[in-house]
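The task is simple: from the sequences and hints, build the whole structure.
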Amino acid sequence: MERRKFVGRSALLSLGSLLGAEIVFGNRLPEGLSLLGLQDPDPFALFDKDPEMVVLNSRPWNMEAQAHLLDDPVTPNKYMFIRNNGLIPEKPDPTKWQLTIDGEAARQVKSYSLEDLKKKFRPHTYRLTLECGGNGRSEFNPPASGNQWTVGAVSCASWTGVRLRDLLEDAGYTTNAVYIGYHAADRHLSGDPGKEPISRGVPMEKALQDETLVAYQMNGKDIPMAHGYPLRLVAGGWPASASGKWITRLSIRDRVHDGAKMTGDSYRVPCEPVAPGTKVADSDMCIIESMPVKSLITYPKTGATLPLGSSLPFRGHAWAGELRVARVKYSIDFGSTWEDCSLEAPANRLAWQRFSGEVRFPQKGYYELWARAEDSEGKAQPMVLPGWNPKGYLNNACHRIALKIT
Amino acid sequence: MEGKGKTGKWGSLWKGLLGVGLVLALAAFIWYRSGLPVQDSGDPLPVPADSVQASPEGISGGIHVQTGFRAGEGLPVVISNCTPCHSAELVTQNRMTREGWESTIRWMQETQNLWELGDNEAVILDYLATYYAPEEKGRRQNLENIEWYELEP
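Chains as they are written, first to last, in the working numbering: chain A, 1 to 406; chain B, 1001 to 1153.
It is worth saying that the hints were derived from the structure and are not from the lab.
Where hints are given, some of them may not hold.
Claimed, not checked - Calculated cross-link-like contacts (lysine-lysine; reagent style DSSO-like; alpha-carbon spacing at most 27 Å):
hint, chain 1, residue 1, chain 2, residue 2
1, B, Lys1137, A, Lys91
2, A, Lys195, B, Lys1137
3, B, Lys1137, A, Lys404
4, A, Lys301, B, Lys1137
What the hints assert, rightly or not - If we take Cβ atoms under 10 Å as the criterion, some of the chain B residues that face chain A in the derived model are:
hint, residue
5, Thr1097
6, Gly1100
7, Thr1111
8, Glu1121
9, Ala1122
10, Ile1124
11, Asp1126
12, Tyr1131
13, Pro1134
14, Gly1138
15, Arg1139
16, Tyr1149
To be verified - Coverage of chain B stretches by chain A, computed from C-beta distances (three or more under 8 Å per stretch; other residues unrestricted):
hint, region
17, 1088-1095
18, 1142-1148
Computed from a predicted model, the values in this text were never measured in an experiment.
We put the CB at the ideal spot given by N, CA and C, even for glycine.
Below is the structure:
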């Protein structure tokens, strides 16, 4: 449904894109007239995504998964959400790609080719959970502006590349280093070459972690175009916007990085909790760092009906930002009682963890299966919406699926 | 990778449409400039080179088919000012009060190169506040739009 709607209303726009102008009489084309190929500027084909993925925005591209698509332990490209702030770089040339290290706290300005990164540094591979800071935004009340993500802006792929730490040490940095800011080749929506769509990053402490990578592969292959080809910063467990795509420059800053979308309401929440709908001054907003504990039921798909007496095996993934998930519980009575799920260890730090269980139902009727994860510091997911914030970040309310016993 | 895909899929299309396209593009350009947002000086403001202007015609079931916008007063002004940089979907998926929409416009003007809207601002705000107003959702909604299916054992 979503897909058909999208193609229908974007086909003519795309013809215009090809020609560099709009189609004046496009709306007068007889219905059903096929402009060869133009009905198919299909984002699903273009980005090799599954047709069940949901497009939220076509300029810039934003696309999310549904919960049941995220059942794989390692998220394949076809189910990985796309969150773009600008326009994808056109035809990046991997043979000419350079990553430059600079900044106030860099000992030198030094550039690396992709070849340098692959040959001069030891590669490392980690499974890393990347969740959009705004995943779950659609539930906030009053509504928060931006792409209205439901539950599917999360992934855990296998990333391969060099440790950012190795790179920073090779280039050298001074003791006043505070933050790493990335700069990338994506283009601003306004077409202004002087503006960056997004330029965020991480504090030194996060930059120096083993698992923080400058990655050139995802799931054992070149990174797909929509996910940052040919080079992406990957900082698992933090808002995915910290993991810059198509990166060309990393600045070692002597202050908190002040690039695009590091300030204002972007990826920041009130430092102290506020009542829903409160206006919050810039000076009272704090940058989101580690993402909160969360879980997703990935099997069965919501809407399952099954006969009374049968037992239902279920499973999903849980993650907790910088922390480990300590336990996951489930409820089939709207949170009145909770039972333990089995929980596996993560493949590595910052990878999501598999949980599973099996449940029987006492009588026929409508049920909701709820999952609730708790992190290693004892913080669990709330059952209702967590603290409201102006841009609707950090919704880690427990995931629910609907079931009918007949 | 992206470029390769495009060439493969659209290669023949490019050739086939080039002739038609040039004529259309020229006609489009002339028509387009007359509908552009203008500065006080009367000059059209720069818009992204690869952006596309939708025509306000083509309404079906109360929806502007090309963009997905609700049909209503001010729609042509909304289309011409709100879709050159980003897709209409970024608007239609959001719900805000008039004040909320105004502050979004200010943010776009301060940080995203949105132009001064002049008299059009009130038209746009009226449209958005009417057709994309918030609804009370409470602290947690019912699960909705469930597609029921029989689970295979």
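| said: Checking each numbered hint in turn, tell me which of them this model violates, lowest number first. | reply: Failing hints, ascending: 1, 2, 8, 9, 10, 11 and 12.
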